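Number of protein chains: 4
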Amino acid sequence: MHAETTARLLIRCPDKPGIVAAVSNFFYNHGANITALDQYSTDPEGGTFFMRLEFQTPHLDLSRPLLERTFGEAVAARYAMEWRLSYAAEPKKMAILVSKYDHALLELLWRWQRGDLHADVAMVVSNHPDLRDAVEAFGVPYRLVPVTRDAKAEAEAQMLDLFQDTIDVIVLARYMQILTSDFVDRYPDRIINIHHSFLPSFVGAGPYRQAYDRGVKLIGATAHYVTADLDQGPIIEQDVIRVSHRHTVADLKALGQDIERTVLARAVTWHLEDRIIVHENKTVAFS
Amino acid sequence: MHAETTARLLIRCPDKPGIVAAVSNFFYNHGANITALDQYSTDPEGGTFFMRLEFQTPHLDLSRPLLERTFGEAVAARYAMEWRLSYAAEPKKMAILVSKYDHALLELLWRWQRGDLHADVAMVVSNHPDLRDAVEAFGVPYRLVPVTRDAKAEAEAQMLDLFQDTIDVIVLARYMQILTSDFVDRYPDRIINIHHSFLPSFVGAGPYRQAYDRGVKLIGATAHYVTADLDQGPIIEQDVIRVSHRHTVADLKALGQDIERTVLARAVTWHLEDRIIVHENKTVAFS
Amino acid sequence: MHAETTARLLIRCPDKPGIVAAVSNFFYNHGANITALDQYSTDPEGGTFFMRLEFQTPHLDLSRPLLERTFGEAVAARYAMEWRLSYAAEPKKMAILVSKYDHALLELLWRWQRGDLHADVAMVVSNHPDLRDAVEAFGVPYRLVPVTRDAKAEAEAQMLDLFQDTIDVIVLARYMQILTSDFVDRYPDRIINIHHSFLPSFVGAGPYRQAYDRGVKLIGATAHYVTADLDQGPIIEQDVIRVSHRHTVADLKALGQDIERTVLARAVTWHLEDRIIVHENKTVAFS
Amino acid sequence: MHAETTARLLIRCPDKPGIVAAVSNFFYNHGANITALDQYSTDPEGGTFFMRLEFQTPHLDLSRPLLERTFGEAVAARYAMEWRLSYAAEPKKMAILVSKYDHALLELLWRWQRGDLHADVAMVVSNHPDLRDAVEAFGVPYRLVPVTRDAKAEAEAQMLDLFQDTIDVIVLARYMQILTSDFVDRYPDRIINIHHSFLPSFVGAGPYRQAYDRGVKLIGATAHYVTADLDQGPIIEQDVIRVSHRHTVADLKALGQDIERTVLARAVTWHLEDRIIVHENKTVAFS
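Residue numbers (my numbering), protein chains in the order written: chain U, 1 to 287; chain P, 1 to 287; chain Z, 1 to 287; chain V, 1 to 287.
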């Protein structure tokens with residue numbers, strides 16, 4: 001809506017009485033108008049507290065740097081908060097990694113083009129040349145970074161070089177290479193993958209084949225943050241679609257791709273709007 | 001969870017900066033531990049603000065009457081709030097009205113019996129004798145109040161007499177009589193009906209027949225507060241189920257009854273947990 | 001799958017014993033291998049019978065013209081069948097009509113491009129120039145046919161001229177002009193529209209606004225064949241998505257567009273695969 | 001519908017041209033009126049063929065025994081069919097096994113009582129006394145068969161004794177004992193279990209706890225035939241419901257029980273209506 005004036009605060013801290021009052025007081029006293037507030041506690045007695053605050057900045061009586069410093073000292077320190085302030089006017093820089101399947105990628109680019117994904121799509125990186133034209137038609141740079149089994153480290157180094165420390169979030173839109181722990185560790189809770197099954201069912205390769213073999217009656221897709229453990233990262237969003245004995249593996253793949261598109265688009269949207277907080281390999285999703 | 005110590009506050013007022021801070025401060029300062037907070041504004045500039053607060057009472061420094069008086073004077077008056085405090089330890093008194101279909105009624109009684117519906121089910125009132133045994137098996141009194149076309153007023157008077165001003169919420173679990181405006185006006189936003197269609201499609205009688213004739217591919221059910229306008233009251237919850245050309249009207253009725261059960265159970269649960277606020281013939285549902 | 005060798009038969013006739021035997025005998029005796037068979041009767045006693053047969057043609061002992069003539073004389077005449085044979089190798093010629101919204105159009109073109117829509121997309125016709133580039137990027141001709149209130153007949157004549165009697169199916173992918181009865185009558189059960197509501201709720205203009213005002217908890221979309229009565233034609237497919245009080249009209253529109261895309265894509269796919277039979281303003285959908 | 005006159009034929013055999021014609025001819029020639037026909041082939045070239053035929057018996061020109069013998073000799077033998085004829089007028093005898101949870105059991109009994117489950121519910125067997133009153137209120141015998149770790153074989157022998165070879169289908173409505181292979185092997189494809197997860201996720205004990213720990217965004221339930229491998233049998237039906245970080249393990253359990261009820265009811269209904277054929281640890285479900 002008011003992209004120029006919207007700010008968001010994400011908080012995680014040990015739960016204690018008074019946090020909501022302290023935070024809302026602080027922002028009220030400094031002229032912020034709170035337009036959304038979500039909070040959650042794993043346990044009011046000794047649990048972990050999470051909060052997302054969306055507010056409008058026009059009447060703030062502090063500059064952004066001062067606001068952050070004051071909040072840090074006056075509120076966050078008192079409650080031992082981990083916190084992050086972000087401004088809709090400074091959209092996250094996003095890189096999309098893809099191999100050959102275009103469905104998840106095009107869904108993101110199409111939503112981005114029409115203004116529904118509030119990101120700065122800096123580039124698409126692929127280990128294959130196939131999707132160059134499709135990507136460049138959106139005015140987005142396409143970077144080819146081939147990956148070979150023996151030169152994975154080099155390929156990742158090349159990607160980091162392209163990113164130049166400016167990338168805030170990486171989306172794996174059916175990128176068929178496994179990233180190394182070294183790479184993943186540089187972007188904690190900032191790499192989003194779409195896995196083509198309803199995790200934890202059917203981890204690893206060929207999930208549609210696995211689903212077919214098991215004879216499930218629903219297939220699904222899972223968007224999750226990437227961690228060093230393959231397909232084990234915190235789940236952001238999942239959805240399913242009904243299938244039957246009539247569907248071949250190819251049918252499952254085609255049907256599943258529709259779910260992959262939807263699920264990934266939701267997860268990326270929520271991440272960009274600072275709606276997701278990771279906690280102990282799970283997500284708190286204020287969606 | 002902690003039924004003895006949980007209290008809930010529902011607020012509606014003109015939106016202004018500072019409401020969240022004022023409310024959370026008040027409860028924090030008086031020793032309440034906030035365990036859930038939902039808020040919504042139709043428009044931060046001049047709209048209407050809604051809030052639901054759930055808190056624990058053990059460390060309150062005020063008695064309930066004093067808490068309510070103090071909150072009313074110190075906070076509510078300043079923001080022109082309409083508000084309501086309720087205590088989980090004082091469950092709402094509920095009357096269920098039913099005719100001959102048992103599905104919606106039994107779903108409620110079964111959930112109530114296992115402790116999932118936090119109400120005091122005072123009685124079931126019916127215009128037919130059929131369901132007496134089924135109801136009494138749950139230990140709930142069954143009151144027969146026949147209704148004839150010419151004596152509707154007498155029947156309603158008889159019901160009001162049974163209720164003796166002690167009933168907080170009335171659930172129409174497929175009660176096939178239309179209540180008069182006089183009756184409805186006594187219980188604003190406190191009579192919940194289940195309509196057997198996805199409103200506003202198929203208002204009035206025979207919605208499954210109407211759905212069949214129109215050839216819809218999904219049928220649904222709608223729980224709504226009853227107003228003087230038939231089937232026009234604020235919608236609390238809706239859901240649908242897929243159907244096909246193979247289904248007869250009888251099939252639609254059987255399938256639809258499953259949805260009616262689910263939708264009504266959710267709506268009643270939310271009402272009992274003070275999750276619904278009515279505003280301009282719509283509901284704000286903090287579900 | 002085997003696009004070159006797949007044929008499909010659609011039948012509608014008065015139900016009588018022996019139809020399935022007669023049809024399956026005929027095709028078996030002439031060397032067709034039946035790969036799918038769906039049938040439905042509104043009532044085995046005096047109702048209407050519907051059947052869809054999919055078979056493989058390689059071992060047919062008759063040429064196509066002879067097959068059709070022989071079936072017509074030997075089987076169809078006996079049971080007073082309305083019937084239609086089609087061959088996957090001769091995909092239907094499709095024209096897509098669109099105004100300014102691109103979502104439904106692009107969904108169809110994208111699925112067509114990847115081979116999931118078995119049609120020959122002959123052209124996109126629009127009353128606005130906006131989507132020319134997007135369409136031409138798919139290699140599909142874009143025809144601009146402006147429509148003014150006073151010259152609707154001329155515009156439709158211009159479209160018919162473009163179609164040159166070669167178009168088998170017309171898809172209204174959010175085409176915001178109402179077609180005249182004259183035009184509609186030329187394409188009975190062959191014009192598919194996507195309406196942006198869960199019909200019969202919210203007919204006419206502004207359904208998302210209507211849905212917002214009514215406060216429904218699910219919004220939907222409906223694909224239907226176009227008849228002379230606006231929004232009253234036989235429903236092919238519908239689906240819904242959950243919404244809440246937090247959603248603005250703009251949110252409903254954005255969420256709804258996802259459902260429009262899905263529902264229209266399914267309806268068009270089924271039509272192209274000869275899975276839909278219209279009967280008394282309803283559809284039999286062998287999907 | 002016409003319970004007295006409805007018969008059903010289930011077939012499995014190697015696929016070959018002419019099966020549909022042969023079967024439909026046979027029944028047509030002997031006066032059966034086919035009211036439903038479903039068929040499926042894993043592969044028209046050398047695959048397995050499945051068929052379900054529903055027909056009306058009033059005008060049959062053969063007695064049941066003769067019909068079966070003639071069909072076996074004239075049709076089934078020629079195509080090497082495994083087949084089964086059943087008559088709606090002879091409902092399957094069903095035993096329900098349960099431990100302490102009542103939700104799945106009561107859902108079945110309630111549907112059965114209102115005539116939606118076409119079975120003869122012979123008895124409920126439990127290893128606990130808790131649900132006796134609830135069951136006997138439906139007029140169904142309740143048999144207590146305690147199970148101890150050391151005397152499982154005796155308990156199963158006691159159950160077999162109760163069944164006296166008259167039970168056609170056994171439903172495990174949250175029966176918390178693992179049956180031995182010996183027992184399971186006596187009822188191939190005739191024991192239906194409801195597992196409280198979306199299999200193959202979360203096999204074994206405590207699936208709601210497992211789901212909570214993994215942080216999934218949907219939980220589910222799975223009805224499957226019981227085989228010697230725990231939770232690995234052919235899946236009949238599955239469904240899911242959306243959950244969030246706000247849900248505790250207890251919440252997941254409560255929400256999941258609603259899905260368990262629905263999924264088990266569907267699976268049992270389809271089994272009773274002879275809609276399920278098992279093939280290579282998967283099911284063909286003509287539902």
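Quick caveat, the hints were computed from the structure, so don't treat them as lab data. Wrong hints could be hidden among the right ones.
All copies of an identical chain are treated as equivalent in the list; a pair is satisfied when it fits inside any one copy or across any two copies.
To be verified - Distance condition first, Cα-Cα at most 30 Å in a straight line; then the derived DSS-like pairs of lysine-lysine:
{"#": "1", "residue 1": "Lys93", "residue 2": "Lys16"}
{"#": "2", "residue 1": "Lys253", "residue 2": "Lys282"}
{"#": "3", "residue 1": "Lys253", "residue 2": "Lys16"}
{"#": "4", "residue 1": "Lys16", "residue 2": "Lys100"}
{"#": "5", "residue 1": "Lys16", "residue 2": "Lys152"}
{"#": "6", "residue 1": "Lys16", "residue 2": "Lys282"}
{"#": "7", "residue 1": "Lys92", "residue 2": "Lys152"}
Since the model is a prediction, treat every value here as computed from it, not as a measurement.
Now for the hints, and whether the structure bears them out:
1. Lys93 to Lys16: neither (35 Å within a copy, 34 Å between copies)
2. Lys253 to Lys282: Cα proximity of Lys253 and Lys282: in one copy and across copies (27 Å, 19 Å).
3. Lys253 to Lys16: Result: close only across copies, 28 Å inter versus 48 Å intra.
4. Lys16 to Lys100: Cα proximity of Lys16 and Lys100: none, with 49 Å in one copy and 39 Å across.
5. Lys16 to Lys152: So Lys16 and Lys152 fail the 30 Å test inside a copy (46 Å) and across (51 Å) alike.
6. Lys16 to Lys282: within (22 Å within a copy, 35 Å between copies)
7. Lys92 to Lys152: within (27 Å within a copy, 47 Å between copies)
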